[in-house]
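Let's have the full structure, built from the sequences with the hints guiding it.
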Amino acid sequence: MSADPLTRPDTARRRPAWHVATVAELAPETPTAARLVLDVPTWPGNDAGAHLDVRLTAPDGYQATRSYSIASSGETSRVVLAVDEVPDGEVSPFLVRELRPGDQLELHGPLGAFFVWQPSRDDRPVQLIAGGSGVVPLYAMAASHAAAADPAPFRLLYSVRTPRHVFFADELAALVGPAFDLDLAYTREAPDGRQGDIGRITKDTLAARTIPAARRPQVFVCGPTGFVEAVASWLRALGHAAADIRTERFGGT
Amino acid sequence: MTHLDGNVLAGALADIFSVDLTPASARCTGCGAVAQLAEAMVYTNAPGIVARCATCDHVLATVVDAGDRLWLSLTGLSGIELRRA
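First to last, the sequence lines map onto chains C and L. Reminder that position 154 of the first sequence reads as 154 in the UniProt record's numbering, one-by-one numbering, no gaps. Reminder that position 9 of the second sequence reads as 9 in the UniProt record's numbering, one-by-one numbering, no gaps.
Take these hints with a grain of salt, some might be off.
A short, non-exhaustive set of chain L residues, derived as facing chain C with CB atoms under 7 Å [claimed, not checked]: (1) Thr2; (2) Asp5; (3) Gly11; (4) Ala38.
Think of the hints as simulated: they come from the structure by calculation, not from any bench. C-beta: ideal position from N, C-alpha, C; glycine also.
This is the structure in structure tokens:
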């Protein structure tokens, strides 16, 4: 009799732990968000789509912890986050406005084996659907898919306020090719010539602009809670099986 | 602040369990629905973290972290299924 471990060896190697990160680079990502490049010498690497918890400790000992999706993946000690500032938030305004290169942060991760994509599991098509900063883990999946030269067809439908609010705009554009299709759906303001397309995603948008249920895509949806719940219910109404839809909500502060 | 989902439990539970429970399936003791823990509705704006069934709103689990002590309740979950990869 043998007992299989409940985790695969690579997952075991990536057991969550607390790490000390040093801010290597900081840059504006959108008018309200910043990209943080962190050096984490003890980081074990992470799957595309995983998240981590950031813990801040005030001088009086008060602690606040928030979860952030990781934009990078694979075996690397460089961890990339893109954090959208939540007005009146407790953690994100500090990360976006106050942090400086050389500052240190406490991280717990990598976390989450549910909302992750791994190359070469099968060749089923993958439909990614993002609302706002919910694109971060989906960008990690698309970049990992490209880096692995994985043959599964990928599509990203990305609901975003204006062209200036697109996270990883240049990187996403560079990924477009035979195995990756990028479809931006603007809710407030579109580039010149596309003004007729402005609006929130609806069930009809999903029917017209995502991989149909008949092709049995694996679907990943990430965004604000209301967005995710509306999209997931429309996907089910369009014939996608609940088990084929993976969701991640954020609301945080 | 509205609810989040069970993905956000991964960090709190990693301090307690040796495997990630968020992709594990479990039965709600309120309505019998079976779902992955990542799909639960999670409220973090309480003194602790409260996970509720997405089908019937029954409380599945609570985690309260007070620094030097931690309270865990899994009273709303039964038949937790972990997959060997």
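| query | Can Asp5(L) be said to touch chain C, with a Cβ gap under 7 Å? | reply | Where the cut-off is 7 Å and the nearest Cβ of chain C is about 5 Å from Asp5(L), the hint holds.
| task | Let me know if the C-beta of Ala38(L) comes in closer than 7 Å to any C-beta of chain C, holds or violated. | result | 4 Å, holds
| Residue hint Thr2(L), partner chain C, criterion CB-CB below 7 Å | 5 Å, holds
| query | Holds or violated: is there a CB of chain C closer than 7 Å to the CB of Gly11(L)? | reply | At about 4 Å, which falls below the 7 Å cut-off, the nearest Cβ of chain C leaves the hint on Gly11(L) intact, so it holds.
Hint violations for this structure: none, all hints satisfied.
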